[in-house]
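4 protein chains.
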Amino acid sequence: MTLAPLTGVIPPVCTPLTADGEVDVPSLTRLVDHLVAGGVHGLFVLGSTSEAAYLPDRQRRLVVESVTAHVGGQLPVLAGAIDMTTPRVLDHVAAVTGADAVVVTAPFYARTHPAEIARHYRAVAAASPVPVIAYDLPVAVHTKLPADVVLELAADGVVAGLKDSSGDLAAFRQVVTGVRERRGITGFSVLTGSELIVDAALAIGADGTVPGLGNVDPHGYVRLDGLCRAGDWEAARAEQERLCALFGMVTVGDPARMGPNSSAIGAFKTALHLRGVIDSPTTAQPQIPLSPDEVEQVGKYLAAAGLL
Amino acid sequence: MTLAPLTGVIPPVCTPLTADGEVDVPSLTRLVDHLVAGGVHGLFVLGSTSEAAYLPDRQRRLVVESVTAHVGGQLPVLAGAIDMTTPRVLDHVAAVTGADAVVVTAPFYARTHPAEIARHYRAVAAASPVPVIAYDLPVAVHTKLPADVVLELAADGVVAGLKDSSGDLAAFRQVVTGVRERRGITGFSVLTGSELIVDAALAIGADGTVPGLGNVDPHGYVRLDGLCRAGDWEAARAEQERLCALFGMVTVGDPARMGPNSSAIGAFKTALHLRGVIDSPTTAQPQIPLSPDEVEQVGKYLAAAGLL
Amino acid sequence: MTLAPLTGVIPPVCTPLTADGEVDVPSLTRLVDHLVAGGVHGLFVLGSTSEAAYLPDRQRRLVVESVTAHVGGQLPVLAGAIDMTTPRVLDHVAAVTGADAVVVTAPFYARTHPAEIARHYRAVAAASPVPVIAYDLPVAVHTKLPADVVLELAADGVVAGLKDSSGDLAAFRQVVTGVRERRGITGFSVLTGSELIVDAALAIGADGTVPGLGNVDPHGYVRLDGLCRAGDWEAARAEQERLCALFGMVTVGDPARMGPNSSAIGAFKTALHLRGVIDSPTTAQPQIPLSPDEVEQVGKYLAAAGLL
Amino acid sequence: MTLAPLTGVIPPVCTPLTADGEVDVPSLTRLVDHLVAGGVHGLFVLGSTSEAAYLPDRQRRLVVESVTAHVGGQLPVLAGAIDMTTPRVLDHVAAVTGADAVVVTAPFYARTHPAEIARHYRAVAAASPVPVIAYDLPVAVHTKLPADVVLELAADGVVAGLKDSSGDLAAFRQVVTGVRERRGITGFSVLTGSELIVDAALAIGADGTVPGLGNVDPHGYVRLDGLCRAGDWEAARAEQERLCALFGMVTVGDPARMGPNSSAIGAFKTALHLRGVIDSPTTAQPQIPLSPDEVEQVGKYLAAAGLL
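Chains as they are written, first to last, in my numbering: chain A, 1 to 308; chain B, 1 to 308; chain C, 1 to 308; chain D, 1 to 308.
Calculated directly from the structure, the hints in this document are not laboratory data. Please note that the accuracy of each hint is not assured.
Any copy will do: because identical chains look the same in the list, a pair fits if it lies in one copy or spans two.
Said to hold, decoys possible - Below, a list of computed lysine to any residue pairs in the SDA-like style, where the Cα atoms sit at most 20 Å apart:
1. K300 x S128
2. K144 x V158
3. K144 x R257
4. K144 x G248
5. K144 x A256
6. K144 x T251
7. K300 x E181
8. K300 x R275
9. K144 x L302
10. K144 x R111
11. K144 x A235
12. K144 x A118
13. K144 x P76
14. K144 x P255
15. K300 x P289
16. K144 x S166
17. K300 x E241
18. K300 x G248
Can you build the whole structure from these sequences, using the hints too?
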């Protein structure tokens, strides 16, 4: 059971919803086509940007089945299996069919310990039909995956990769260099979710990137990835800074009225709606929808980036 | 759809597991009998002490069905519906049958906002066949339920009670007095999960208590509750201090080897096993089992309290 | 070197400032007279409510000297010696003259460890001319003083008391009962800074209370203390609830415009100004002053409590 | 009042202490010579690595005077003015003589608000005889300096630079690009304290770096800086990775026995002692000294790096 090393741009795919909160499969497949046309190298469904935390099990299954059926093996599909603890994650892992790997966080809700985190990944990997990728997301999980735990699991073949959304590039580097230096670690993929410092992450040795904003501008992230691989760091930096400016859209939501998820996911979906990719910018409950003014601001970000 | 005001001792019922991790229904019903014989006034299944975060959906359903069938309406049964966001909680709520109320936290994993918390409870309550009790557990949810949000939801009849495990007695008091003072709030139950300061919580006006340690010593908590209601605060304090000493068992687990959940839940289940109530002290994955030495220490706590 | 056990109400004395930020000694001594007339049992200068964090060394010295000279031994005076680490605290301790005890937090700014906290208190106590009281204020210090560290230091005679402003009544109780049960701890004073649950803290065994709101309404806290000591818990609860309502003044400051310190300390000083005790409600830099509207709201709280 | 733009390597200078805790001036000047010989471009005294939080005022003054006198204007000297709030920082700023700039954090201990942070810097800058550099150190200050506040202060000429030790490279980039894009910001220096990702920080546009490990291996950081400036990113990455391996020394201290400061500062000082630069590895109270075993491990790190 191996996974070809992952490289390039693997966006966490937004989950388009109908106005009444059902998965909008036609919009979802259009979004996949938009990403594939943008040149992305893989897809990550049921991640945080996909609102996995908001999707009931039947919606999660529909998303994985729709996307894996649609792409038909053209490019790798990773599927999040996001839940609180080992037994619940095992249920999700068993239900995932067609994906090339599952992406799993440390336990959350329950307070946890590095030894329990390791035990968790070992149990999940033992039961999973596909390779497991560790997902480091302290903002949601409230624990940072320790680099030494990740490396120990990598050395033992328990996890096949890391998706790091911690924002802590120094800790990320520890995994990148550790993977290279430790005997017996092969085919391990180190991916960054830090979409504003992709150039820096690739420069220090990341294999690939998982940018939420890649939903809105896949061409930009693919271009950025290519420039980094070509060693054209000046042009890469300019492209990254352009994408950083575009990323400003995540702040359009009024913080007096909504949380950062409502604002960021609302902005991405609104942008996809304004670009004609998905039918509705609806976000899942209990997120607060953007106001007409806030929608207009998203449009301005797109216009400034030449994306409208 | 109303709920008779809850008072007295409503322990969060441990979920006995077999050695291979399945719900041990005979042990569970024995535990319920043990609690009922101890004089408790209600039962709370699928709370944090019940390892709800670790139970897959089918195990959760089995627990609720087994317990509600077994008690047959003798005393109220509350059922946790613990999940990350509104749509997922709605699925749990729809699956709960036989319970008198559901207990629901604020959204977690996703970063959230007071307006989103209110929206969450309104949506859950609109769909729930039974009353909804708000569950404040910042150590797990990483958000404190603001007192003004709870009171607004209470005034609008959205939530029928609060189970407060925040440890913040001053904030708890704000809800207690707010409920009394606000027009239009009737039949709202304010419950504390702070098992070490039950006397204080009842003294300031709590309606009832939800003590995890009540699994091990229900008679003690029922006695404590009675003393408080009788206004015998000196005797109540002595009984509470005895229970605080017994609670020391939650620290038996070596912190170098396991997290606080493994230690606390492991201690409660070990105590129930040593007392002959349940067949196995098994805790759910990825929790670390207590060592023989640690088990022995639990036994000493029981012996010191005259419970062996 | 001993300290008579502290009991009763020991308010943290506000530090009145002139409009240009100097210590207003006449207002300070009037405030002391107001507190003494209210019947308080001790005074705590240079605590957090005293804006100790904002006062340069010369102002700190002036406060201690003015207050100790003014009270002339009528009642005990505790003086905060608030700074980041041992060597800096030692300098403050050496400069305190006339106070009956110094009040010292764990190290802050630098990340710390229980062993370092213990070392800190041992070094401070070894050099201090007066007894040392441990100050637990996690909201400022970002470390909770562990109960076992406090009890170990108490047993060794290193600290003579605890001023607990953690808000965690269960942890506070651990110290209260630990002090009673451990051999060799004598004359140790356990004080709570949780001004909204004084009744509960005294009921579980606190020796005294350090209420910031006691600046505004010393008579109320003295009455509350007396009712608790007399065992009239119902009347105590009513008095505490009245004080909780008055405490609402700390929220008058607009959170979009200022932090909680600006609002709370601004409200206390404004109330003292409106009551004619101090000349100016000025708070230290960089706190934001209350607006005229916010001042008016403070007045309404006072009027509702019959204090205007 | 201007400051020439700061670039290159500006290490936070350790403060050598005698065995009894006094500033060891001869060792300090030898350390400065060691750094200057290593080719550094500036010196930062009284930063966190300098144990500023542990130094009483007279020791702080002695450090600044000794270093500025010794370097005699050869290279810029920045001096930390670390204290809790505006009035206390103002006292330190007034006492700093000879330094080219002061480095100031947001208020800490007191809970704070962006408006209060801005007010703080404005007041400090108005009174300071030398330019003010903002110091972002959330691990100590428990507030992150918001990028928009820094940019507003930069645009108004209030602060002349940023020393970022937040570890958050994406937020750092926001300041770097903001400084470039905003009209009216000139001569602002953006420095990173993230010593493990200097190559990445320089690649995205940082002006300079403030590496604690630069005390131990100034030549390495100067080499790294030069390689980055020459655009030789591959060689820079190799040099940075070598320094990351050397940095492993900060973990030699047993976490069961001491905190991270004791371990890291102990390791740096031990390394300087083993390299013959300073007379004693003594750290300030209440830090725990390294054990002989831990000292030996530091020696191994040095040997592996060819520094012994």
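Status of each hint after checking the structure:
Taking CA atoms no more than 20 Å apart as the test, K300 paired with S128 passes in neither setting, with 44 Å inside one copy and 41 Å between copies. Taking the shortest Cα distances, K144 and V158 sit within 20 Å of each other inside one copy (18 Å), while across copies they are farther apart (36 Å). Taking the closest pair of Cα atoms, K144 and R257 come within 20 Å of each other only across two copies (18 Å); inside a single copy the shortest separation is 29 Å, beyond that limit. Proximity of K144 to G248 under the C-alpha cut-off of 20 Å is restricted to the inter-copy arrangement: shortest distance 19 Å between copies versus 26 Å within a copy.
Proximity of K144 to A256 under the C-alpha cut-off of 20 Å is restricted to the inter-copy arrangement: shortest distance 17 Å between copies versus 29 Å within a copy. Taking the closest pair of Cα atoms, K144 and T251 come within 20 Å of each other only across two copies (17 Å); inside a single copy the shortest separation is 25 Å, beyond that limit. Taking identical chains as interchangeable, the C-alpha atoms of K300 and E181 lie at most 20 Å apart only when they sit on different chains, with a minimum of 18 Å there against 46 Å within one chain. For the homomeric pair K300 and R275, the shortest alpha-carbon distance inside one copy (12 Å) is at most 20 Å, but the shortest distance between copies (54 Å) is not.
Taking CA atoms no more than 20 Å apart as the test, K144 paired with L302 passes in neither setting, with 34 Å inside one copy and 29 Å between copies. Proximity of K144 to R111 under the C-alpha cut-off of 20 Å is found in both arrangements, the shortest distances being 12 Å within a copy and 16 Å between copies. With identical chains, the CA atoms of K144 and A235 are never at most 20 Å apart, being 33 Å at best within one copy and 30 Å at best between copies. With identical chains, the CA atoms of K144 and A118 are at most 20 Å apart within one copy only, with a shortest distance of 13 Å there and 28 Å across copies.
Taking the shortest Cα distances, K144 and P76 never come within 20 Å of each other, neither inside one copy (27 Å) nor across copies (38 Å). Taking identical chains as interchangeable, the C-alpha atoms of K144 and P255 lie at most 20 Å apart only when they sit on different chains, with a minimum of 17 Å there against 26 Å within one chain. Within a single copy, K300 and P289 get their C-alpha atoms as close as 18 Å, which meets the 20 Å cut-off; across copies the closest is 38 Å, which misses it. Proximity of K144 to S166 under the C-alpha cut-off of 20 Å is found in both arrangements, the shortest distances being 7 Å within a copy and 16 Å between copies.
When the C-alpha separation of K300 and E241 is checked against a cutoff of 20 Å, the pair qualifies only within one copy, where the shortest distance is 17 Å, while the shortest distance between copies is 42 Å. For a Cα distance limit of 20 Å, the shortest separation of K300 from G248 inside one copy, 11 Å, qualifies, whereas the shortest one across copies, 43 Å, does not.
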